[in-house]
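*Asks:* Make a model of the complete structure from these sequences and hints.
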Amino acid sequence: QKEVEQDPGPLSVPEGAIVSLNCTYSNSAFQYFMWYRQYSRKGPELLMYTYSSGNKEDGRFTAQVDKSSKYISLFIRDSQPSDSATYLCAMSDRGSTLGRLYFGRGTQLTVWP
Amino acid sequence: EAGVVQSPRYKIIEKKQPVAFWCNPISGHNTLYWYLQNLGQGPELLIRYENEEAVDDSQLPKDRFSAERLKGVDSTLKIQPAELGDSAVYLCASSQTIGTHEQFFGPGTRLTVL
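Those protein sequences? They're chains A and B, same order as listed. All residue numbers for the first sequence refer to this note's numbering, where the first residue is 265 and numbers rise by one. All residue numbers for the second sequence refer to this note's numbering, where the first residue is 158 and numbers rise by one.
A hint or two may mislead.
[Said to hold, decoys possible] Computed, partial: chain A to chain B, Cβ under 7 Å: (1) Lys266; (2) Gly280; (3) Ala293; (4) Arg301; (5) Tyr303; (6) Lys306; (7) Gly307; (8) Leu310; (9) Leu311; (10) Gly370.
Honestly, the hints are just simulated from the structure, not real lab data. Every residue, glycine too, gets a C-beta built ideally from N, C-alpha and C.
*Replies:* Put into structure tokens, the structure is as follows:
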């Protein structure tokens, strides 16, 4: 069993839909949780970062962490075709610059007009 | 500000041949990472450098892979000899050592071993 599990999809939604992406993990030491977005033929770019449990909102994006369930989510409101990409969750036990990042396999999202 | 630069972007070689990838991190970033990304998978860390020092290379297959960052700036990852299973995207990332949790990724080098 991998330390981070993520449904690869693919997920296809119409423009304007609310998208829910999620990951589960097994290592209770993880405290730092991130979502990266990766466009085709590009490197991942950091979208959201949260520490420990709770919610964090940034524009149309909301990240949630439930450490008791070892479950993290990313919500995208009013999805746009430009949101079409692969979304990777990542986590670490000591922060991404101090500890190793463990990535999920990514969920491929397509938002059609 | 220039991002992480990697070259080449694409490389096709025959098995048993050597190959090398080059990475230039963002200026001022002391930490450099090499990741391997297989198709449909997330990146997996191969090696991490703090300046010139490799501080985490436990995932690097040392029988065929090697890396260096001689002056604490750009870095080279080498595979010798390459195997069919090495076909993947090799990503380089960099970050500031203190005060940030963000890693900045380059576009990657897509390796195909025939």
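*Asks:* Could you work out which earlier hints the structure fails to respect and list their numbers in ascending sequence?
*Replies:* Of the numbered hints given earlier, those the structure breaks are 1, 2, 3, 4, 5 and 9, listed in rising order.
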